[in-house]
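Residue numbers (this note's numbering), protein chains in the order written: chain A, 5 to 535; chain B, 964 to 1241.
Treat the hints as calculated values from the structure; they're not laboratory data. In this text, a Cβ means the ideal position worked out from N, Cα and C, and glycines have one as well. Fair warning: there could be bad hints in the mix.
Partner residues are not named here, just some residues of chain B that face chain A (Cβ under 8 angstroms, in silico) [stated by the list, open to error]: (1) Arg998; (2) Val999; (3) Ala1041; (4) Pro1121.
DSS-like, lysine-lysine: derived pairs with alpha carbons at most 27 angstroms apart [as the list claims (entries may be wrong)]: (5) A:Lys356 / B:Lys1210; (6) B:Lys1210 / A:Lys437; (7) A:Lys303 / B:Lys1097; (8) A:Lys437 / B:Lys1110; (9) B:Lys1210 / A:Lys125; (10) A:Lys388 / B:Lys1210; (11) A:Lys283 / A:Lys255; (12) A:Lys254 / A:Lys233; (13) B:Lys1110 / A:Lys395; (14) A:Lys308 / B:Lys1210; (15) A:Lys512 / A:Lys275; (16) A:Lys313 / A:Lys512; (17) B:Lys1210 / A:Lys171; (18) A:Lys255 / A:Lys171; (19) A:Lys129 / B:Lys1110; (20) A:Lys461 / A:Lys388; (21) A:Lys356 / B:Lys1110.
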Amino acid sequence: MIEIKNLTFSYLDSEGKKKSENPQLNRVNLSINSGEFVLVCGPTGSGKSTFLKTLNGLAPNFTGGVISGELLLDGINLLGSEPHEFSHLVGYVNQQPEGAFVADIVLDEIVYSAEQLAISKEQIKESLDHLVELLGLEGMLHRPLTTLSGGQQQRVAIAAALIGGAKVLLLDEPTSALDLKGATEVLELLQKLSREEGVSVLLAEHRISRVIGAVDSVIVVHGDGSVTKGKPAEQFNDSRFAPPIIELGKKLGWNPLAMTSNQGRKLWQQKPAEYARRKINESGALVLETRELEVTFGKVTAVKPTNLKLFGNQVTALMGENGSGKTTLCWAIQGSGYRTSGTVLTVAGDPKDLSTQDRLALVTMVPQRASDLLFLNSLAEELKESDNFAKVQPGTTGALFLKLAGRIDTAIHPRDLSAGQQLSLVLAIQLVKNAPVLVLDEPTRGLDYAAKRALAKQLDQLRTNNRAVLLATHDIEFVAMVADRVVVIDSGELVLDSNPLEVLGTGKELSSQIAEITGEQGLITIEQVLN
Amino acid sequence: MFTVRLCRDDSPWSKSISFYLQLGAIVVSLRVLFRVIFNLGDATENILLDLPAVSIDIGFGNTVHLLGAVSALSIQAALIDGFRLAAIILSIGMANSLANPRKLLRATPGALYEIATAVSIAINLAPQLIASLKQVRRARGLRGNSKGISALTGIVIPVLEDTIEQSMQLAASMSARGFGRRCNRNAIQLRLTRFTSFLTLTFITIGVAMLLFSPVQQYVDLLIILAGLAFAAITLRLSSTKTTRTKYIVQRWGVVDAIIMASSALVLLTALSGAFSQ
Chain A
5 MIEIKNLTFS
15 YLDSEGKKKS
25 ENPQLNRVNL
35 SINSGEFVLV
45 CGPTGSGKST
55 FLKTLNGLAP
65 NFTGGVISGE
75 LLLDGINLLG
85 SEPHEFSHLV
95 GYVNQQPEGA
105 FVADIVLDEI
115 VYSAEQLAIS
125 KEQIKESLDH
135 LVELLGLEGM
145 LHRPLTTLSG
155 GQQQRVAIAA
165 ALIGGAKVLL
175 LDEPTSALDL
185 KGATEVLELL
195 QKLSREEGVS
205 VLLAEHRISR
215 VIGAVDSVIV
225 VHGDGSVTKG
235 KPAEQFNDSR
245 FAPPIIELGK
255 KLGWNPLAMT
265 SNQGRKLWQQ
275 KPAEYARRKI
285 NESGALVLET
295 RELEVTFGKV
305 TAVKPTNLKL
315 FGNQVTALMG
325 ENGSGKTTLC
335 WAIQGSGYRT
345 SGTVLTVAGD
355 PKDLSTQDRL
365 ALVTMVPQRA
375 SDLLFLNSLA
385 EELKESDNFA
395 KVQPGTTGAL
405 FLKLAGRIDT
415 AIHPRDLSAG
425 QQLSLVLAIQ
435 LVKNAPVLVL
445 DEPTRGLDYA
455 AKRALAKQLD
465 QLRTNNRAVL
475 LATHDIEFVA
485 MVADRVVVID
495 SGELVLDSNP
505 LEVLGTGKEL
515 SSQIAEITGE
525 QGLITIEQVL
535 N
Chain B
964 MFTVRLCRDD
974 SPWSKSISFY
984 LQLGAIVVSL
994 RVLFRVIFNL
1004 GDATENILLD
1014 LPAVSIDIGF
1024 GNTVHLLGAV
1034 SALSIQAALI
1044 DGFRLAAIIL
1054 SIGMANSLAN
1064 PRKLLRATPG
1074 ALYEIATAVS
1084 IAINLAPQLI
1094 ASLKQVRRAR
1104 GLRGNSKGIS
1114 ALTGIVIPVL
1124 EDTIEQSMQL
1134 AASMSARGFG
1144 RRCNRNAIQL
1154 RLTRFTSFLT
1164 LTFITIGVAM
1174 LLFSPVQQYV
1184 DLLIILAGLA
1194 FAAITLRLSS
1204 TKTTRTKYIV
1214 QRWGVVDAII
1224 MASSALVLLT
1234 ALSGAFSQ
C-alpha cells in the first residue's frame, strides 16, 4: 500500500539555487493498493520517469531537486530517504537493463539485492527458486547477462528487483526496446505478479495499446505538474497519448469505450464503419542498392548476403525481432558500420568510400542512442549549429523541432530533455540536412502518439525529390501509419518484402491493432476509418 | 604483464590495458621532453644533445633557462622518473584489467558506502571512457560539425558527460538494490567509521607520495603507511562488527587467481629485496 500526500517535486534552476517556478510534480495526492496493476502514462517529457523515481528515492537523491509532502509505504513516511532505504519495499526496473546491471552472471545479479539486505541463505534459496519458476528463468542462471535477449534481460531485472521481498515494482518503459514477442512476455508476467503474488505494479509505458486491457487503473502525469489516477476509460481524454483502440472508440462513439481487442471486435461487428483506402505512394527511381552485403562478427553472422533495393518517394520499413540484424544492416548501409563483404551502390558511389562530409550529403541516419549526437550546452546552441552545418535559414531546425516536440525553453541543457524530446531534436537536426537517403533506427522509442503523428506527417512530406527513407522499427502501429513497403528480416536474412496491407493486415503475425479489431481486409490504421 | 594477457577475459574493462599502456608511454615521453625544454643548461660532461640555449627574463629578477646542452645523465634521470610514474599507472591499469570492479565492490563493507560509491565511479571510469569515446566518435560521424566547433566541445565534453552519466547510473542502480544499507547501526558508529576511513586514506596517500617523491626519510614514510594500514584495520573491524550482508555466492579460488597472486607476490619480493639491498 502506497499513500502519496501533497507530493511536490521541482528541479533546481540552472544555477542550482532556486526551485524552478513550475514544479514537475505539484501537490500529488493518490494511493495505490497492494496487488494493483497501474499504468503510468502521459505525453512525452511530462515527468513519468521522475514520478516513478520519487517513489524509491532516486529522485531527488540521484536526480537533484527538492521534494516535499509525504510518501507512506505501509504507513511509514520514507519521503526523501536514500534509495537503499526503500530496497526491501520497492523494486525498480530501468528502460535499459544493460546499463543498470551490477553483476555479470544471471545468478549473481538476481541475488545481489538479497545479499545486501542480509536475508538468510535459506530464505534466498527459497525466493530464488520461486522467482525462477515464476519468471521462466530455468537453465539461465549461470549464463553471462550479455548473452541474453532483451526480453530475457528484463525478466532477470524483474527477478532481481523482487528478490529482496519488495511488494511494489516500478518499471520505467521496460518494453520500449523489445520486439512484440518480448514485450508481450514481459506484460503477461507483470499481470501475473499483480494477480497472483499481490505485487503492486507501476508501469510507465508509451506502447499502451496492448496494456490498457490488463491494468486496474491508470495514472496520468499531465506535464503541468498535476497527476491524476482513475479507471482506464476515464483517463484518455487527452489524445496526445490515447492509443488507437481508444481513438477508434471515440471516433465511432462507443459507450463505454472498448479496452481490449476482443471488446472492440464485438462492438465493430455490431456496427462496422466505412473506411478509406490506405494510400501507398508510387515508387520513384532506384536510389540505393545493396549487393551481397554481409556482416559477420567472429563466428556469428549478423547479416547474411543481402540484396535490398531502396526506391525514391517511398518509406521502406525494416521489421524483425530483437537481434535479427536490423541495426547492423542500417549501419552497413550508412557506410561507417562494419561490413564483411558486399557493396552498396548509389549515384555518388559506395557510402563506405566517401569522406564524412560527402557521406552525410548522401545518407543521414538517426541511431538508436540518439542522444549521442547532442554535444552542446543548450538547446539554442544545438539548433544554431544544425542550421550552420546544413547551411539553411537560421531557425529552420527550430521550426521543425517545434512541430515534433512542441514549445520548449531553448536555454535548457540537451541532457535535461526527456528521451523523447532528445530524439525529436536529433530527428530535426538530421532532417534539415536534406539527404537523398534517410535511415532511421527505432525512431519512435519514448515518443507519445502526438509526437509519432507529427513524425509521420514529416516523413509524409519527405516523399518528394526521389528521397528514400529506411525505417528500422518494432513499432507496428507506426509502420501501419507511414510505410509504403515492409521488409522483414529474420536471423540476418530478408524473408518478406511486401506492402503494409499484406504484412500488417488482419490475421497476420504482425497485424496492427486496428486490423485485429476490425478484421477488415485493407484496414490497418485509425486514420482510414470514416465517421 | 604476461599474467594480465593470460588471465584477462573478454569483458569490456579487460580491454582497457592498451589504454593504460599508451598513457604510460605518453607520460615517459612528456617527462623526457620537459627535461630537454626546461633544462638547467649547466651540464658539462656527457653532452648528448647540444641545443642553443634560450634565457627568458620573466621579471622580478628571475631568469628561465630553456633548452641548452642536455647531458646523458639528466636524460637518464628523466627516464627513471617517467618510468616510475608509468609503472604506477600500469599497475592500476593491470589491476583494472584483471579484477572485475563490480566483484570488488560486492566485497566492500556497507559502512564504507560513500567511499565505495566514489571508488565504483572511479574504477568504472577508464573502461567507460573508452566505450564512450568510441560511441561519441561514431555519432560525430553521423552528425558532422561546422567549422566553429572545436574538438573540445565536440568530443571531449560529450565523452566526459556520457562517462559520468553511465557511472552514476550504475551507482543509482546499486543503491536502489540495497547497496549501502546500514542495518542496526547507529549514528555514532557511522560517524566513527567515516572518521577512521578518512584517516586511513589520508595517511596512506601521504605516505605513498612521500615514499615515491622524496625517498630520503624512508623510515618516516613507512611509519606513516603503517599508521594508515592500522587505521584501515580499525575501520574494517568497526564496519564489520555486525553482519549486514549475506554471502550467497562464494567466490571460488581458481587456478587463474593462484597465478595472479603468485606473480604479484614475486614482484613484491623482488621490489622489497631491491629496496633493502640498496
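So, going through the hints one by one against the coordinates:
no., hint, verdict
1, Arg998, "violated (37 angstroms)"
2, Val999, "violated (37 angstroms)"
3, Ala1041, "violated (38 angstroms)"
4, Pro1121, "holds (4 angstroms)"
5, A:Lys356 / B:Lys1210, "violated (52 angstroms)"
6, B:Lys1210 / A:Lys437, "violated (56 angstroms)"
7, A:Lys303 / B:Lys1097, "holds (23 angstroms)"
8, A:Lys437 / B:Lys1110, "holds (16 angstroms)"
9, B:Lys1210 / A:Lys125, "holds (8 angstroms)"
10, A:Lys388 / B:Lys1210, "violated (55 angstroms)"
11, A:Lys283 / A:Lys255, "holds (20 angstroms)"
12, A:Lys254 / A:Lys233, "holds (20 angstroms)"
13, B:Lys1110 / A:Lys395, "holds (12 angstroms)"
14, A:Lys308 / B:Lys1210, "violated (46 angstroms)"
15, A:Lys512 / A:Lys275, "holds (23 angstroms)"
16, A:Lys313 / A:Lys512, "holds (24 angstroms)"
17, B:Lys1210 / A:Lys171, "holds (23 angstroms)"
18, A:Lys255 / A:Lys171, "violated (39 angstroms)"
19, A:Lys129 / B:Lys1110, "violated (60 angstroms)"
20, A:Lys461 / A:Lys388, "holds (24 angstroms)"
21, A:Lys356 / B:Lys1110, "holds (23 angstroms)"
Checked against the numbered hints given earlier, this structure breaks hints 1, 2, 3, 5, 6, 10, 14, 18, 19; the rest are met.
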